[in-house]
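Can you make the complete structure from the sequences, with help from the hints?
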Amino acid sequence: MHPVVKLVSQRLALGLLLLLAASALIFLGTLMLPGDVAQSILGQSATPEALANLREELGLNRPALVRYFDWLFGALQGDLGTALTNGQDIAESIGKRLGNTLFLAFWAAVISVPLAIFLGLLAVRYRDRWPDKLISAVTLASISIPEFLIGYLLIYFVAVQMGWFSSVAMINDSMSLLDKLNAIALPVAVLTLVVLAHMMRMTRAAILNVMQSAYIETAELKGLSTFHVIARHAFPNAIAPIVNVVMLNLAYLVVGVVVIEVVFVYPGMGQYLVDHVAKRDVPVVQACGLIFAAVYILLNMIADIVAILSNPRLRHPK
Amino acid sequence: MKNIPISAMIGLFFTALYFLMAIFAPLLAPYGMAEIVGDVWEPRSAEHLLGTDNIGRDLLSRMIYGGRTTIFIATAATVLSFVTGSVLGFFAAVAGGWVDQVLSRFVDLIMSIPTLIFALVVLSVMPVTVPVLIVVMGLLDSTRVYRLARAVAVDIEVMDYVEAARLRGEKMKWIIFREILPNALSPLVAEMGLRFIFMVLFVSTLSFLGLGVQPPEADWGGIVKENKDGIVYGIPAALLPAFAIATLAISVNLVADWVLNRTTSLKGGRG
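Protein chains in written order, with UniProt numbering: chain A, 1 to 318; chain B, 1 to 271.
Treat the hints as calculated values from the structure; they're not laboratory data.
All the given hints hold, so there is nothing to weed out.
For lysine-lysine, the following PhoX-like pairs were computed, each having C-alpha atoms within a straight-line distance of at most 25 Å:
{"hint": "1", "chain 1": "A", "residue 1": "K279", "chain 2": "A", "residue 2": "K96"}
{"hint": "2", "chain 1": "A", "residue 1": "K96", "chain 2": "A", "residue 2": "K180"}
{"hint": "3", "chain 1": "A", "residue 1": "K180", "chain 2": "B", "residue 2": "K228"}
{"hint": "4", "chain 1": "B", "residue 1": "K228", "chain 2": "A", "residue 2": "K279"}
For the chain B half of the interface with chain A, some residues (derived, Cβ under 8 Å), not all of them:
{"hint": "5", "residue": "L109"}
{"hint": "6", "residue": "S112"}
{"hint": "7", "residue": "I113"}
{"hint": "8", "residue": "P114"}
{"hint": "9", "residue": "V121"}
{"hint": "10", "residue": "V122"}
{"hint": "11", "residue": "L123"}
{"hint": "12", "residue": "V125"}
{"hint": "13", "residue": "T205"}
{"hint": "14", "residue": "K228"}
{"hint": "15", "residue": "I231"}
{"hint": "16", "residue": "P241"}
{"hint": "17", "residue": "A249"}
{"hint": "18", "residue": "N253"}
Heads up, the beta-carbon is just placed ideally off N, CA and C, and yes, glycines get one too.
So, in structure tokens, the structure goes:
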């Protein structure tokens, strides 16, 4: 078998294994921790009979492993169970919200990825001069403030003081794409700022790492222009680390979305998750946790696979 | 002390200032933490230097007490994370073999789920109290420390002096605490600063989501949550913690950068 095929399939298998293990961790972890679902639904004043009835109804008396496999096979078929608090089908509630969340994350990625790579290259080109220092200072500031505060800073200065855009990002199906984009402008800006800083720093580090190689010194000694050296000699070799950076940050974006949705009252997965953590609605939390973990594992897996594919030594073995 | 660069001095100064404010909060705060002393969202005045909050408590007092809670939780969680992470990391590196494999794969598994999501899943079944918060944050974060500690210890473990200690017949405890720990300390200390900042951001985020420090206790994330409705009316009370968190984070970062640079130059790195 070609070594690349072998490596990629190994990585795929590892990803699936990891996902399975993560689902077990989420499900069994919530079972093992002290805390009683029935008690938290009915409250402290519930009678023992009522608690016993509810446990029976929810199937809490069956062995944990049986419940785990029931849950896992259900989830594989798209059945995530029903919410404890309002009895609604979880998969149905999640479906639309997941779409909204991905919509938000997609636009943030479309803006931040090219911008981060461009600014990263710029920082390397003007290394240790003012553009580099300015970029470093801004990124340091933006990773020192939690996302939700960047959100409120933008709401305060942009939405309230200047009156641009709305401070809440409500979207629904009847809106046109342009209206939707207008509504999510501020959350997208916050997410962009947050991941931009990380992505740019890491891109800069990745390219600088390549720039210390011997062949770059050769290219410099040949008298090529700095831009030519970066664009033609350093960049192709930095693709794998950069893709890695981008994927890690997209994974980060999916998590950052949780907090940003709460700030902007955006009808997505994150808000759904946070609401139901507060209500102690364990099935919903498990389902959302599983989906977020799956997206995260998937993106990390893609990053590794791209790194394997972009390595010429693996593509053309001796 | 002469060789400390100016940026690190500034960082040290502000970090010390924040910690002193946290320790002496009851002496510094002009009013009680949960004491209602004025109208809702009063602007700043001589009595209330930063104005009042959403139910008329003095904001300056709340910020000082809030800083105390935030810094206390972040410090405790960082210590827990470092003790657990580095001891397990050193242990894995020294023990090697299947112990190392089991620990490392387990850490990989925990790290495959985003920290915030994991914390939310755990907090949905656990009661939200300060000790629970510290344990959850500390243990989740110890996976990052474990990785670093193990990587550093694997390099040290192959040194001649460790082998000499082994041949002398020293026990695992001696090797971990007397041979590896002193040599692994400086990268770990630099990392500690970054983990501390991460903890401050983490606990603020949880409190903002309503799943961290519970009212009437104050903390920086909670202050944002309480006062966020004022923002649309142009009342910037909710933005104060942004300033506090950012200055604390930047000062700790400056110190950590300096420690890191100092240690790389000790090892003869190119800087």
